[in-house]
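S.K.: Can you build the whole structure from these sequences, using the hints too?
Respectively, the protein sequence lines represent chains A and B. Residue 419 in my numbering sits at position 419 of the first sequence, and the numbers go up by one each step. Residue 62 in my numbering sits at position 62 of the second sequence, and the numbers go up by one each step.
Keep in mind that the hints were calculated from the coordinates and are not lab data. Any given hint might turn out to be false.
Claimed, not checked - Short derived list, chain A residues pointing at chain B, Cβ under 10 Å:
1) His42
2) Tyr196
3) Asp325
4) Arg341
5) Gly346
6) Val349
7) Val358
8) Pro437
Glycine included, C-beta positions come from ideal geometry on N, C-alpha and C.
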Amino acid sequence: MAGAAVPTIAAAAKQIAAKQLSPVELTQACLDRVKALDGRLHAFVHLTEERALAEARAAEAAIMAGGPRGPLHGIPIGLKDIVDTKGIPTTCQSKILQDNIPDSDATCTEKLAAAGAVLIGKTTTHEFADGGPSFDLPKPPARNPWNTDHFTAGSSSGTGAGVAAGLILGGIGTDTGGSIRGPAALCGIAGIKPTYGLVSRAGVAPAAFSLDHIGPMAWTAEDCALMLQALAGHDPRDPASSDRPVPNYTASLGSGIKGLRIGVIHHFHEVDYKVSEGTQRGIDAAISTLREMGAEIREVQLSPLQDWQACGSLISITERASAYDEWARTRLGDFSERVQRRLMLGALVSGVDYVQAVRRRRELRAELKAAMAGLDIVVTAAAPAEAPKIDNVPVWDVFDRPSFTIPFNVAGYPAISICAGYGKGALPVAVQLVGKPFDEATVFRVADAFEKATPFRNTRPALD
Amino acid sequence: MPADISDQTLDFLLARAGLDLTPAQKAELKSVYAGIAAMAERVRKPRGIMAEPAHTYLFNEEDL
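M.R.: Written out as C-alpha cells, the structure reads:
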C-alpha cells in the first residue's frame with residue numbers, strides 16, 4: 001500500500017463495514033509500511049506484530065459474523081510508549097524503565113481495545129514525555145516524514161510521524177504543554193488535546209499532573225472525533241475524571257459553520273511571539289476560509305502569551321520534579337541530558353512560586369472564559385514555524401520561545417491542531433482551534449469543515 | 001526576586017532538593033536562573049489574600 005492509498009479511519013471503517021476492506025490486509029499493509037519506512041522514521045520503539053495480526057484476524061471474524069462494533073473495529077493504531085500495555089514493554093523511552101512490562105492496561109488502552117482497534121506497537125516519545133530530541137536514549141528520536149532531517153516536535157513524536165507516514169491510521173498522544181498539538185502541527189496531521197478530565201490519565205506516566213491530557217492523533221479531525229468517542233468517559237481510577245455524559249462528536253460534522261462566532265487571538269502569534277511567514281500565511285488563509293464559509297470573525301485580547309507560558313512552565317517544572325523526585329535524587333545520570341536539565345530546574349522554583357502560579361492559573365482561566373463568552377471557538381497558532389532541523393532544536397526554549405499551546409493546558413480547554421498548508425521547505429504549517437470546556441463537538445465541526453474546504457488532506461509525505 | 005543567584009544559594013537549593021550535579025551542570029543551571037526568576041515575577045500579581053489557587057478541578061455548568 002503506497003502512502004497515497006492509506007485510508008482515513010472514517011474511510012476504512014466504511015469499507016470494513018461494507019466488507020470491502022479486510023482488517024487483516026489493512027493491518028498487514030501497515031506492518032509492511034513500518035518495515036519499509038521505520039528504519040528512517042523511528043516512529044516505533046516496540047512492534048507488536050503477532051498480536052496485531054491476531055487482533056486483526058479476530059476483528060475480521062467478528063465483523064464477518066455480526067458486523068463491526070464501531071468505526072475503530074479492525075483499525076491499526078499505535079500507543080505512545082508512556083501508556084501502559086499489559087504484557088507489552090512500556091519503557092517511557094528511558095533507561096530507567098527498559099525492563100518495565102506492566103501487569104495492567106491504561107484506561108485508554110482498554111477503551112481502544114474494547115472498540116476493536118488493532119495495536120501495531122508502541123510509538124516513540126521523548127523520555128517521560130519531556131525534553132527531546134535526545135540522542136542519548138536507548139532508541140533514536142522520531143524523524144519528520146516530510147523531511148527526515150527535520151524534527152517532529154514532541155513529545156508524542158512517534159505517533160505524529162507514524163500517522164503522517166501512514167504506518168498507522170491513528171494513535172494516542174499525551175499533552176502537558178503541547179505534546180499532541182506540536183507533533184500534529186509539524187507532521188501535518190490532526191491532534192486534539194481534549195478538555196481536562198474528559199479522557200482518563202490512569203495508567204499513563206505523568207509529566208505534570210494538573211496539566212496532563214490524553215488524546216487522539218490522526219490524519220483528519222473527523223478521525224480524531226471517532227477516536228475520542230471511544231476514549232472519553234468517566235474513570236474512577238483518575239481523580240480528575242469528569243462524570244459528564246459524553247456527547248456524539250460526529251453528529252454535527254458536515255453541518256457547516258455558517259453563523260459560528262470565531263475569535264482570533266492575533267496578538268499571540270503576531271505581537272507576543274511572531275510566527276514564521278509561512279505559518280502566518282497559513283493562519284491568515286485559514287481565517288479567510290472560515291469567514292468565506294460563513295463564520296463571524298472577531299478579535300480576542302488576552303494576557304500576553306508570556307504570562308501563560310510563565311504560569312504553565314512553573315507548574316509543569318514543579319509537578320514534574322515532584323513526580324520524578326525519587327529517581328532524580330538517586331538516578332539522575334540515568335536520564336537523558338535534556339531531561340536532567342528539566343529536572344534540575346525544579347530546585348529553583350519555591351513553594352510560593354508554585355502556588356502563585358496556581359493562583360495565576362485561576363485568573364487566566366477566568367480571563368479566557370470571559371473572552372469566549374460570546375464566541376464558539378478561538379484561533380491562534382499551533383507552532384511558531386515549520387519543523388526545524390532535528391540537530392538544531394534549542395535546549396532551553398522554555399525561556400526563549402513561549403508556547404502557543406500551553407495556554408490551553410493552563411486553562412484545560414479543548415484545542416486541536418490541524419494542517420493549514422505548507423510553508424518553507426514544503427513542510428506543514430498549522431492552525432490551532434480552541435473550544436469551550438467539553439465542547440469538542442464544535443471544535444471538530446469547524447476543523448472538519450476547514451479540512452474538507454481545503455486541499456491539504458490530499459497530500460501525504462513522499463516516502464515511498 | 002533577584003535575577004541572579006550566588007553559588008552558595010544554588011548549592012543550598014540543590015542540597016535541599018537532593019540533587020547531585022556536576023560543576024558544568026551547576027554552571028548551566030545558574031545561567032538560566034534569570035529565566036525562572038522572570039517567570040516567578042510574572043505570576044506574582046497584587047491579588048490580595050483571598051485569591052484562591054486553581055488546582056485539579058472539574059468544570060461546572062457555569063463554565064460552559
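S.K.: Against this structure, judge whether each hint is valid.
M.R.: Status of each hint after checking the structure:
1. His42: With Cβ-Cβ at 28 Å, over 10 Å, it is violated.
2. Tyr196: 8 Å, holds
3. Asp325: 8 Å, holds
4. Arg341: Status holds, d = 7 Å.
5. Gly346: Where the cut-off is 10 Å and the nearest Cβ of chain B is about 6 Å from glycine 346 of chain A, the hint holds.
6. Val349: 6 Å, holds
7. Val358: 4 Å, holds
8. Pro437: 4 Å, holds
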